[in-house]
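Protein chains in written order, with the numbering used here: chain U, 1 to 233; chain B, 1 to 321.
To be clear, the hints were calculated from the coordinates, so they are not data collected in a lab.
Positions of the beta carbon are idealized from the N, C-alpha and C atoms, including for glycine.
Please note: incorrect hints may appear among the correct ones.
What the hints assert, rightly or not - According to the in silico footprint, chain B covers these stretches of chain U (three or more CB under 8 angstroms from chain B):
{"hint": "1", "region": "38-45"}
{"hint": "2", "region": "187-200"}
{"hint": "3", "region": "205-218"}
Stated by the list, open to error - Taking CB as the label site, the calculated pair distances span:
{"hint": "4", "chain 1": "B", "residue 1": "L68", "chain 2": "U", "residue 2": "E225", "range": "39 to 45 angstroms"}
{"hint": "5", "chain 1": "B", "residue 1": "T81", "chain 2": "U", "residue 2": "Y183", "range": "58 to 64 angstroms"}
{"hint": "6", "chain 1": "U", "residue 1": "V141", "chain 2": "B", "residue 2": "T196", "range": "27 to 33 angstroms"}
As the list claims (entries may be wrong) - Pulled from the structure, derived: some chain B residues nowhere near chain U, Cβ distances all over 12 angstroms:
{"hint": "7", "residue": "R31"}
{"hint": "8", "residue": "G78"}
{"hint": "9", "residue": "V101"}
{"hint": "10", "residue": "L104"}
What follows is the residue order along each chain.
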Amino acid sequence: MLPLFGVAVVVAGFSLRRNPLLVVTVAGVVSSLLAGISPVHILDAFASGFASSRSVSLAFIVLPVVGLAERFGLQQRAKTLIERAAGLTAGRLLLVYLFVRQTAAALGLTSIGGVPQMVRPVIYPMAEGAVRRAHGRELPVRVTDHIKAHAAAADTVGAFFGEDVFVAVGAVLLITAYVDATYHLKLDAVQIAFWAIPTAIAAFLIHGFRLLRLDGTISAMLASEPDDAAGGA
Amino acid sequence: MITAEWIYWLAGALFLSTGIEIALDRSHPKRWTNAMFWILLGLSFFYGSFLTALPHWPLGIAVIAMALIAGCGLTCAGTVTTTTDPEREESARRKGNLLFVPALTIPAITVAFAVGISRINFAGRPLLAAGQETLVGLGVAVIVALIVGIVLLRPQQPFVALREGRRLLESVGWAVLLPQMLAVLGGLFTQAGVGTDVGVLAAHAVSEHSRILAVVAYALGMALFTIVMGNAFAAFPIMTAAIGWPVLVVQFGAHPAPMFAIGMLAGYCGTLCTPMAANFNLVPPALLEMRDRYGQIKVQVPTALALFAVNVTFMSVLPFI
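Taking the hints into account, I'd like the entire structure generated from these sequences.
Shown next as structure tokens:
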């Protein structure tokens with residue numbers, strides 16, 4: 001049970017709001033030492049873990065493209081477009097994005113969407129533009145942070161609870177591979193994907209309902225902050 | 001044959017160029033430690049391709065060095081000259097919807113690779129390595145989108161795209177490394193036997209007689225272990241070996257497909273709540289330059305709780321019909 005101490009380090013570190021990189025490094029080293037793994041093997045594990053996880057960092061390679069388009073006014077253009085679409089509030093816009101993101105992911109198209117390439121340059125500026133148009137004033141940081149959080153959350157919820165409906169996705173293949181190898185079953189990937197559908201629908205209804213209430217929340221936040229505090233921190 | 005390694009080198013080159021630019025930037029408040037962080041990151045992306053031939057420990061030291069540089073607060077964002085808001089308004093009026101084309105090129109080409117180009121053979125061998133179509137597609141898409149962007153938007157110097165990339169990378173900052181460090185931690189935890197310990201604890205907690213309690217224990221175990229590990233994939237084998245298979249399937253006769261499919265999704269509810277899933281929950285706030293780096297998690301928690309309750313309901317009914 002000694003290695004569980006590493007879990008305690010993680011929990012303590014995060015709740016004390018220490019830098020996560022430091023917390024994770026210390027927790028990894030502590031658990032390994034307590035499990036009797038030698039320092040050289042720990043270094044090896046850091047190396048192979050880093051090398052084999054490089055794919056998660058590939059999302060960042062889109063940033064030069066996004067930055068270039070931003071330099072020429074992509075975010076401003078997105079705001080202008082939304083200002084023309086009357087009736088499209090921030091909540092409804094994010095609801096549409098949630099639907100598109102989740103449906104695309106369910107069809108295996110997880111590369112449609114994503115925070116670096118869609119939310120930051122297009123979806124968030126549109127949502128912010130819609131709120132500005134509705135209220136006709138500068139927005140305090142508390143409000144822009146809330147819109148940003150909801151824009152990112154719509155992306156994550158849509159991707160998570162859409163992708164499992166697709167057959168050839170990591171989670172589905174992991175389940176069938178693990179269960180078939182360990183318990184000698186013959187689970188069909190299609191069955192696993194099929195049983196993800198009820199949760200996918202529930203996720204859309206629950207999160208969609210919350211998005212429809214977002215406009216009211218923002219109005220209430222703005223009503224409680226006088227206009228002259230606009231833009232201030 | 002094009003493999004994902006090529007795309008890792010592309011990413012490595014982007015990080016290296018960011019590091020070199022920072023090293024050349026006299027105005028940067030933490031110039032040398034920042035440059036060191038990004039240059040080490042870039043070199044590590046190349047070194048990682050040759051681990052079968054080279055010793056592991058230098059990369060291990062480099063990874064820990066990056067974590068310490070960033071973890072001790074020795075990095076921060078510099079000021080990168082970009083266009084001002086009025087300039088952007090003006091340029092947005094002139095360029096119009098052309099501005100969307102480079103950004104939309106990326107998903108279009110990535111999808112084309114995942115769906116179609118993976119079947120092309122070149123000189124009798126597949127053009128793309130199996131299972132890496134999406135990664136390679138992303139790499140090609142970025143290069144094409146960059147060319148499209150330069151042709152359509154006509155920046156005065158093409159290399160301005162790299163500087164804009166640096167601007168955004170610096171605004172993400174040390175969080176760039178966090179998803180990979182968490183993957184490392186997951187590996188270390190597994191080696192150290194943390195998973196087996198959690199499985200033993202979970203199996204102890206389950207009553208032999210109550211089906212509903214066993215379902216709740218499986219779902220809750222998935223969610224909590226996912227919160228700790230940041231990844232439902234790590235939790236699934238452990239909780240399934242502890243409760244899902246021996247208690248729910250063997251003892252109570254649950255159908256495996258719905259039980260395991262929804263069990264995994266119960267774990268996803270945990271993913272929505274944890275900073276350990278950094279690439280989903282901490283990198284986006286950094287990319288969006290939010291003041292509250294935990295703001296996205298706060299927004300996701302209510303959805304996660306409601307959906308968790310729904311999943312438990314599904315799991316206690318659907319696998320037993």
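Identify every previously stated hint that the structure contradicts and give their numbers, smallest first.
6, 9 and 10
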